[in-house]
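Start from chain F and add chain H according to the hints.
Chains as they are written, first to last, in our numbering: chain F, 1 to 317; chain H, 1 to 263.
Just so you know, the hints here were simulated from the structure itself, not pulled from any lab data.
Cβ atoms here follow ideal geometry from the backbone N, Cα and C, with glycine treated the same way.
Covered by chain H, per the in silico footprint, the following chain F stretches (three or more residues, Cβ under 8 Å):
| hint | region |
| --- | --- |
| 1 | 14 to 26 |
| 2 | 153 to 164 |
| 3 | 268 to 274 |
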Amino acid sequence: MGRYFVVRAYSMALTLLGLTVLIFLMLRLIPGTVVEQMIGADAVVSPEMVAQLRHFFGLDQPWWVQYSRWLGGLVQGDLGTSWRTGKPVIRLILERLPVTVELTLLAVGWALALGIAAGIVSAVRRDRAVDNVVRVGALLGLSVPVFWQGTMLILFFSIYLRWMPPVVWVDFLTDPRRNLTIMLLPVLCLGTASAANIARTTRACMLDVLRSEYIRTAAAKGLSHRAVVLGHALKNALIPIVTVAGLQMGILLGGTVVVEEVFTLPGVGRLVLWSIYQRDYPLTQSTILFVAILFMAINLAVDVLYGYLDPRIRYGD
Amino acid sequence: MVVIGGLFALLIVAMALFAGSLAPSPPDEPDFDRIESAPRAAALFGTDRFGRDVLSRVIYGSRISLYVALVSVGTAMVAGGVLGLAGGYLGGAWDNVINRVMDVFFSIPGLLLAVGIAAMRGPGVNSAVIAIAIVYTPLFTRVMRAPVLAEREKDYVQAVRALGATRLAVALKHVLPNVMSPFVVQGTIAFSQAILIEASLSYLGLSAQPPTPSWGNMLNEGRTYLETAPWISVFPGIAIMVSVLAFNLIGDGLRDILDPNVQ
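Bound conformation, chain F alone (with noise of 0.2 Å):
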């Protein structure tokens, strides 16, 4: 395990490193920079003061030099300072980021909920009308865009029901009831083309398992159907459907963007999307890589479970 885990260090080093560098140079191509945005189209500015500010954010050194300098700072711990903000990045991503850790959680926990109670129901009763239900409910949570959802469910509670989720963002250490009123529609969106996922794995999975030898075995033992599907099969399906839903979790994180535009969440996917409208490499550069660690953080994770819940997988051997 511990060899396993240094290769797996050493590679996640190599990755990010390539990533620094792709997420540096692709920056760098965007037509515009930070000054051209401050000083705006119709502003009348000597050029003077142009090299100036470049001078001064540091845009007249070569390339190299800004990223040597960026990297510099990375490896000791410094995400840099926001341009347009003056605040540290690791500041404005920490100030944002339970908002998005919330938002995919909460996500995943309802993906996880629906997905396997829908799947296990679906190969109980399989080919009954609850399973054919399950399967198409499915296929369609599966090809519903997140943010028509959205839209749809807040026309459906406005119009019909007369009830608006609060607009005004509410942390959920300061009013827990309110803070889970504003997820609830964004959090019902995000999670369920997962899911959609969960489900159709969860099914397959526990179909697999449902025809095994031990399963006869342990429903010839007297057991109860509930024992035995919940107690036995579901246990032994379990190892894929964590797998999906580790997948599941990452794509999650990236479809935040989204589902916080939609619903204007002050989370850490508007900020990469302000960020770079507003040419705020720092900014950009430090998020975007800050993601990319909590996104092979949750792979990571995913492993170390899988191990976990199958010991016939060892890492390292």
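Here is chain H on its own, set in the frame of chain F:
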């Protein structure tokens, strides 16, 4: 499933190809006498804030969705296919470098990468195409590479090599045809996902720009008129869902037919 999906997909492709004859009116023709009028016989899907026919705009909108999905996924399949085949077949340093670069792209969530690239390039249909192509290239590289690795060790490959065939000929004529099934299935599924990503980019204002109608930007425009004219938002959404569903059904069906193990 393939048949139902195929029928719907045909319908959508026909809609895009014959938009000019099918649409009751030009997509950007305003009619100020019937602003935001509800669906009725004269305008089946209703009209928008400029009195433009929503049905006509939905029909024309299919062109953007299909064009972006086709070009981006096609590009990603060619680029990913070549990289995967080269990496898997040649192995060694080539494979290592390709894998490392692909790992870098895999380290960012797909939608965030697409939004990032499109936002960096500036709004436009081509930005969406490039963004989606970049997101899917690593996926196709992997889907091609894995079976190629298994295939190149087989006896028939060694035999053809011993007969004097060049490495390029073996890779293209013998290995490639044997690893195409998962690649094609993935292509169909990626196509449906590309329609969704394009719609998301359009919705965020990063793909097709108004007045060119795209399903995503129609939804974005309709957001403001949700209470007074919900039909502006309802129909483009249904169009997206039906298209994605059609290609998902084809993908699922093809997977069942071509690879019974993955059911």
